[in-house]
Structure formats: structure tokens, C-alpha cells
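Student: Sequence:
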Amino acid sequence: MTTTKGRRLLWLAALFVCATFVGARTAEGSLFFRLVSPTNTAITAFSLDGTITWTNAATAGVTCSVQRAVTLTGPGNWVDFVRHEATNTAVSLRVFDPATPAGMAFIPAGVFEMGDALAEGETDEVPVHTVYTDALYMDQAEVSKALWLEVRDWSKTNDYDLYLSQGDGRADNQPVHTVTWYEAVAWCNARSEREGLTPCYYTSGGAVFRVTLSASYAACDWSANGYRLPTEAEWERAARGGPAGMRFPWGETISHDQANYVASSSIDVYDINGYDGYFTNGIPPYTTPIRWFAASGYDVHDMIGNVWEWCWDYYDVYSPDYASNPVGPPSSWDGRVLRGGSWEDSAWGVRVARRQYLNPEETFGVIGFRTVRRIPE
Numbered sequence: 016m017t018t019t020k021g022r023r024l025l026w027l028a029a030l031f032v033c034a035t036f037v038g039a040r041t042a043e044g045s046l047f048f049r050l051v052s053p054t055n056t057a058i059t060a061f062s063l064d065g066t067i068t069w070t071n072a073a074t075a076g077v078t079c080s081v082q083r084a085v086t087l088t089g090p091g092n093w094v095d096f097v098r099h100e101a102t103n104t105a106v107s108l109r110v111f112d113p114a115t116p117a118g119m120a121f122i123p124a125g126v127f128e129m130g131d132a133l134a135e136g137e138t139d140e141v142p143v144h145t146v147y148t149d150a151l152y153m154d155q156a157e158v159s160k161a162l163w164l165e166v167r168d169w170s171k172t173n174d175y176d177l178y179l180s181q182g183d184g185r186a187d188n189q190p191v192h193t194v195t196w197y198e199a200v201a202w203c204n205a206r207s208e209r210e211g212l213t214p215c216y217y218t219s220g221g222a223v224f225r226v227t228l229s230a231s232y233a234a235c236d237w238s239a240n241g242y243r244l245p246t247e248a249e250w251e252r253a254a255r256g257g258p259a260g261m262r263f264p265w266g267e268t269i270s271h272d273q274a275n276y277v278a279s280s281s282i283d284v285y286d287i288n289g290y291d292g293y294f295t296n297g298i299p300p301y302t303t304p305i306r307w308f309a310a311s312g313y314d315v316h317d318m319i320g321n322v323w324e325w326c327w328d329y330y331d332v333y334s335p336d337y338a339s340n341p342v343g344p345p346s347s348w349d350g351r352v353l354r355g356g357s358w359e360d361s362a363w364g365v366r367v368a369r370r371q372y373l374n375p376e377e378t379f380g381v382i383g384f385r386t387v388r389r390i391p392e
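Residue numbers (our numbering): 16 to 392.
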């Protein structure tokens, strides 16, 4: 079964009943999944579309963890992949998707703890609160200069004004930067229409959002199948990649082997880089090529560092309450949310929990974006 991602599912295991885990073999290697639950759990099915079904005796409010491994040998091979609220009935959860579009990653549905569990950041990074997000597709990398220009050139003859944008990049294979929120939104629509998908963004009059000059409003059709910006919750969920409460997507320390940021071990004790300073030399912007660093647990690259990434949400302080697919407040004087930090931020500034915001009409040379898409039902 060949997928649009160029991946072939070669083998899907029957149940490993005695070990309570299942496995799949793809052209990219083997994947194994198991459940960790406070009560008895039994996997009852593992389908070709990547869905695991299990039963358990847990009562409502108890959370199970689905763990993933790429090998069954060696220490620390199992890592948390997704958390899911358990019930005393059968539960089904898709853990991978053979039909994931090329260049995108499948982010599974589930719950996570959003915010700064280490209490070392700004006051707007707490309280930590439980959030559920639906599954979605996310760009594996930040939008590159080359892709930005391809879509922008197409848009010139299709009623868009993106040709007036400031969007630029150090090289074709590096992230586009100096993009306003409105320009990113219009670009998402142009990319959608170019590929025959339904645009997500509309004006107050219901027209497709195509003109960024003097723009002051954009509404989102969450049911559309086109490209859009991630919500802040979707962004943080993807950046965390499964493990809960970590400072960075991979753990508690950071170095230039993992991200593009300004190293300063004398300031941040969790910065273990061998020298201080920018990742690259030359002249700004000190961006690195997309996919330069290893992917997170959800197969997305450069979620921290390199360039800040626009999110859909208006900025707001956190509520302690449980939230399901939050999209932010309807308006705010503060602006739209930015996440991830950039090449000019220290280790503290590129923590997963770090938040920033900016007027959607403004931009700087450290701001880019990536897109997401809803998964067809």
C-alpha cells in the first residue's frame, strides 16, 4: 500500500498477546506500541490505518499512556507517545497514518499538560493545565523560502497581494522570515487553492481572505481541508512530541547539536553547548536549513529555535481549566501568539513553554511559520 508520503506499509503484526504490544514495519523501519495503564489493559485490534483498539477496567478520569519504540532491545527504548483518557469501554486511537501527505507529519489526538511544569519561565506560562487536541497533519519543517516563493508567484495571477510582502530567506532551503500574521494567513489560502483544497480563512464578508493590505479581520473555517496556522495548543502539543513536562522536545538540556539558538552556558545551566554564541557565522539572519536537526517524537523538525512561528490564537493568559481544542479568545489588544523562539534567543528563550505575541500587522527578521491541515473523516 503506497502512501502519498512515499512510504510503504510492508507488514502489520498480529497481536503480541503475552506482551500487550503491537508492531508495524514500514519502509522507514519498525514501530512498536504498548499501553501503560493503572488498571488491566488488553489490546484487541491494530488496523491497517494505524488505529489501536484496547479495553480496560479504568474508570472515567484515569489516563492511559501509549508508548512507542523503534526497537525492542536496549535501555530506554519505550517513550511516551500520547496520553488518552481511559474509560471502562473499548477505546480506539490512531497512532500513525499511512496516508499522511508528503512533507507533513501525523500528530495523534490526545491530552497533554500545557505550560511550564518547571515554573522557571514567565508568569504567562502557568498555570499548567490539561488540554485535548484532535489529530492533525503538520508540516515537518518551517515553510522554506523556496516554497514561499512558489506559492507567492502562483498567487500573483489569482487575486492575492502577496507579491507586496516582505517575506525573505537566507537561502531557498532555509525558512522564510519577515512575514506578518496576515501574510501567513493569505499564503495558507493561496497554497490551499493552488492544490485544489478548500481555503480556511475568510473576511468578515465571507470572501476568501486574499488581500493583506489594511487587513484587520480573518475568520477560520475549522472544517475546511486546506492549510492553516496551528493553534497555540496544537503547536505546543506537536513540539512536546509525547513526553510530559520537559523543558525541550527531547529532554531537559540543550546544545547546538539539537537546535539553532544563542548558546550561553554561563547563563542557563541546562545549556551544555561546548562554546557560547550563535550557531552559524557570517551575517544575519543566522538561520539554518529546514530539517537540519533531528525530528521530535512526532517527526517534526525545528520546533524550537531558528525562527519564531506564528499561531492562530490571539494572546491571552492561561486558565487552569481543562480545555478541548482551544482556539484562543475572539480578540485581544495584545496581538497574535508566536512560539518556539529563534536563532537570536538563549536556551531559556527557546523552551517549549515560552510564549510571545505581536501585532499581526508587524514582523521581524526572526519570524516565520509552518502550517497544519485537518485529517479527513
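Simulated from the structure, these hints should not be mistaken for laboratory data. Quantities reported herein were computed from a predicted structural model and do not represent experimental measurements. Backbone N, C-alpha and C define an ideal beta-carbon position, used for all residues, glycine too. Incorrect hints may appear among the rest.
Claimed, not checked - Pairwise CB distance ranges (calculated): (1) Asn374 <-> Thr104: 43 to 49 Å; (2) Thr66 <-> Ala132: 25 to 31 Å; (3) Asn173 <-> Val284: 48 to 54 Å.
Student: Range first: 25 to 31 Å. Now tell me if the beta carbons of Thr66 and Ala132 are that far apart.
Tutor: Given range 25 to 31 Å: holds, Cβ gap about 30 Å.
Student: CB of Asn173 to CB of Val284, is that within 48 to 54 Å?
Tutor: Because 52 Å falls inside the window, the suggested range holds.
Student: Using the beta carbons of Asn374 and Thr104, state whether their distance is inside 43 to 49 Å or not.
Tutor: The hinted range 43 to 49 Å holds for Asn374 and Thr104, with Cβ atoms some 48 Å apart.
Taken one by one, the earlier hints all hold for this structure without exception.
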